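Trainee: In order, the protein sequence lines correspond to chains A and B. For the first sequence, the working numbering gives the first residue as 1, with consecutive numbering after it. For the second sequence, the working numbering gives the first residue as 1, with consecutive numbering after it.
Treat the hints with care, since some could be wrong.
Said to hold, decoys possible - As a list, the in silico DSS-like pairs of lysine-lysine whose alpha-carbon atoms are at most 30 Å apart:
(1) Lys52/A to Lys123/A
(2) Lys14/A to Lys14/B
(3) Lys132/B to Lys188/A
(4) Lys123/A to Lys132/B
(5) Lys14/A to Lys188/B
(6) Lys123/B to Lys132/A
(7) Lys7/B to Lys123/A
(8) Lys27/B to Lys27/A
As the list claims (entries may be wrong) - Listing some non-contacts, in silico: residues in chain A with all C-beta distances to chain B over 10 Å:
(9) Ser35
(10) Thr37
(11) Thr48
(12) Gln126
(13) Lys188
Hint data in this document are derived by calculation from the structure and do not stem from the laboratory. Quantities reported herein were computed from a predicted structural model and do not represent experimental measurements. The C-beta atom is built at its ideal place from N, Cα and C for all residues, glycine as well.
Protein chains: 2
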Amino acid sequence: MIGHSAKIPLPSLKRLPGYVHFLRSLKCEGVATVSTTAIGRALRLDPTQVRKDLACTGAEGRPRVGYRVDDLIVVLEEFLGWRNVSEAFLVGAGHLGSALLGYEGLRNHGLDVIAAFDSHPAKVGQDVHGVKVLDIERLPGLARRMGVHIGVLTVPVDAAQEVAERMVEGGILSIWNFAPVSLQLPEKIFVQNGELYAQLAVLLRRTEEAVSRKTPSTPEVA
Amino acid sequence: MIGHSAKIPLPSLKRLPGYVHFLRSLKCEGVATVSTTAIGRALRLDPTQVRKDLACTGAEGRPRVGYRVDDLIVVLEEFLGWRNVSEAFLVGAGHLGSALLGYEGLRNHGLDVIAAFDSHPAKVGQDVHGVKVLDIERLPGLARRMGVHIGVLTVPVDAAQEVAERMVEGGILSIWNFAPVSLQLPEKIFVQNGELYAQLAVLLRRTEEAVSRKTPSTPEVA
Numbered sequence: 001m002i003g004h005s006a007k008i009p010l011p012s013l014k015r016l017p018g019y020v021h022f023l024r025s026l027k028c029e030g031v032a033t034v035s036t037t038a039i040g041r042a043l044r045l046d047p048t049q050v051r052k053d054l055a056c057t058g059a060e061g062r063p064r065v066g067y068r069v070d071d072l073i074v075v076l077e078e079f080l081g082w083r084n085v086s087e088a089f090l091v092g093a094g095h096l097g098s099a100l101l102g103y104e105g106l107r108n109h110g111l112d113v114i115a116a117f118d119s120h121p122a123k124v125g126q127d128v129h130g131v132k133v134l135d136i137e138r139l140p141g142l143a144r145r146m147g148v149h150i151g152v153l154t155v156p157v158d159a160a161q162e163v164a165e166r167m168v169e170g171g172i173l174s175i176w177n178f179a180p181v182s183l184q185l186p187e188k189i190f191v192q193n194g195e196l197y198a199q200l201a202v203l204l205r206r207t208e209e210a211v212s213r214k215t216p217s218t219p220e221v222a
Numbered sequence: 001m002i003g004h005s006a007k008i009p010l011p012s013l014k015r016l017p018g019y020v021h022f023l024r025s026l027k028c029e030g031v032a033t034v035s036t037t038a039i040g041r042a043l044r045l046d047p048t049q050v051r052k053d054l055a056c057t058g059a060e061g062r063p064r065v066g067y068r069v070d071d072l073i074v075v076l077e078e079f080l081g082w083r084n085v086s087e088a089f090l091v092g093a094g095h096l097g098s099a100l101l102g103y104e105g106l107r108n109h110g111l112d113v114i115a116a117f118d119s120h121p122a123k124v125g126q127d128v129h130g131v132k133v134l135d136i137e138r139l140p141g142l143a144r145r146m147g148v149h150i151g152v153l154t155v156p157v158d159a160a161q162e163v164a165e166r167m168v169e170g171g172i173l174s175i176w177n178f179a180p181v182s183l184q185l186p187e188k189i190f191v192q193n194g195e196l197y198a199q200l201a202v203l204l205r206r207t208e209e210a211v212s213r214k215t216p217s218t219p220e221v222a
């Protein structure tokens with residue numbers, strides 16, 4: 001459930017996980033209260049921005065004292081939906097899908113992948129990091145029956161559109177798409193692109209440029 | 001090495017991995033040639049855009065025939081640096097770091113993580129998916145000696161800045177940063193943020209909004 005009814009700007013929402021990570025580390029160190037100035041210094045953000053971001057979540061600090069670390073963690077985690085973990089289906093139990101299934105951090109960040117799907121007979125029936133791989137044909141029915149609203153898409157690029165449509169058929173509302181293709185889906189469906197390969201392509205290119213900057217004939221990304 | 005000396009716009013560069021994925025699937029199906037129209041249709045892109053993107057890489061198609069699939073894969077993979085895999089060091093052998101070390105797809109996309117580092121004594125000396133975990137103290141010296149230029153950062157948020165500085169000390173030029181914090185580093189260092197947690201935060205929020213759209217008092221991301 002959404003913890004607070006305020007509108008929150010997208011950049012603010014994207015900064016919230018960083019705050020929680022930092023607050024958890026403070027908690028481990030036994031720190032009881034924290035100011036927006038201290039948060040800003042640690043995360044290299046303007047304290048006024050931090051204050052605004054936190055205000056969107058309904059968190060309340062006290063003048064001179066700041067925020068109680070424990071309370072602030074709870075407010076932010078509730079706002080982010082990390083305290084009521086959302087269930088998700090993952091499709092594509094290949095290299096990336098398996099890595100994501102093995103990444104225990106997802107659950108701490110609100111996402112619980114409860115089943116995986118694949119079309120390959122050799123993969124169906126297997127157990128990947130404790131998650132059962134089912135036949136893709138069963139996805140729409142199971143998603144409807146179990147009320148699963150999130151799909152994680154880690155299939156090859158040429159299968160992505162078709163699988164996404166199966167997800168939508170099953171009532172899935174949001175897709176985390178790791179296939180490097182732009183999906184065409186009804187407007188009400190939210191697609192978050194993973195951009196892993198795009199990030200990697202830019203990273204490698206920039207590195208090559210930096211390495212070859214010693215020679216004068218270096219190409220650059222425009 | 002960079003395969004071609006043309007400037008390439010960032011959005012074009014980001015689309016290249018998708019082309020390679022699609023071309024590989026064509027190759028598997030035994031398709032010998034492909035047109036920009038066919039690529040555009042499959043990946044839902046404007047064919048003119050596809051033609052421009054491919055031109056940046058030096059790939060040459062022939063009128064009416066299109067591109068030879070085999071040749072185009074080679075040109076794009078060389079351009080992306082996937083044929084001369086770049087070596088990288090990863091720091092932070094926790095959940096996310098381990099998942100990335102276990103993700104075999106990185107190597108197919110040009111990145112070979114040859115060693116991992118951690119500050120935790122319990123982790124140092126371990127073997128994670130075939131990669132040795134070394135003491136973080138050894139990173140700067142080893143990076144210099146081995147000429148490693150890429151660092152993958154998967155440490156907790158409060159350690160990220162310090163570890164990034166150690167990377168730079170070791171001559172690392174590019175950092176793939178998965179910690180939800182903005183790093184402050186010399187301008188010449190390229191930082192690609194992984195944005196995993198930010199993506200997930202947006203995904204969960206949008207899903208909650210969509211689910212609760214049935215009730216009239218629904219908050220929305222601004």
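Trainee: Now tell me if each hint is right for this structure.
Mentor: Do the hints match the structure? See the list:
1. Lys52/A to Lys123/A: violated (48 Å)
2. Lys14/A to Lys14/B: Measuring from Cα to Cα gives roughly 22 Å; hence the hint holds.
3. Lys132/B to Lys188/A: violated (46 Å)
4. Lys123/A to Lys132/B: Distance ~29 Å between Lys123/A and Lys132/B Cα, so the pair holds.
5. Lys14/A to Lys188/B: Holds: Lys14/A and Lys188/B sit about 26 Å apart, inside 30 Å.
6. Lys123/B to Lys132/A: Distance ~29 Å between Lys123/B and Lys132/A Cα, so the pair holds.
7. Lys7/B to Lys123/A: violated (42 Å)
8. Lys27/B to Lys27/A: Violated - the C-alpha atoms of Lys27/A and Lys27/B are around 53 Å apart, more than 30 Å.
9. Ser35: holds (16 Å)
10. Thr37: holds (16 Å)
11. Thr48: holds (16 Å)
12. Gln126: holds (16 Å)
13. Lys188: Given a closest Cβ separation of 7 Å, the condition is violated.
Hint compliance for this structure: hints 1, 3, 7, 8, 13 are broken, all remaining hints hold.
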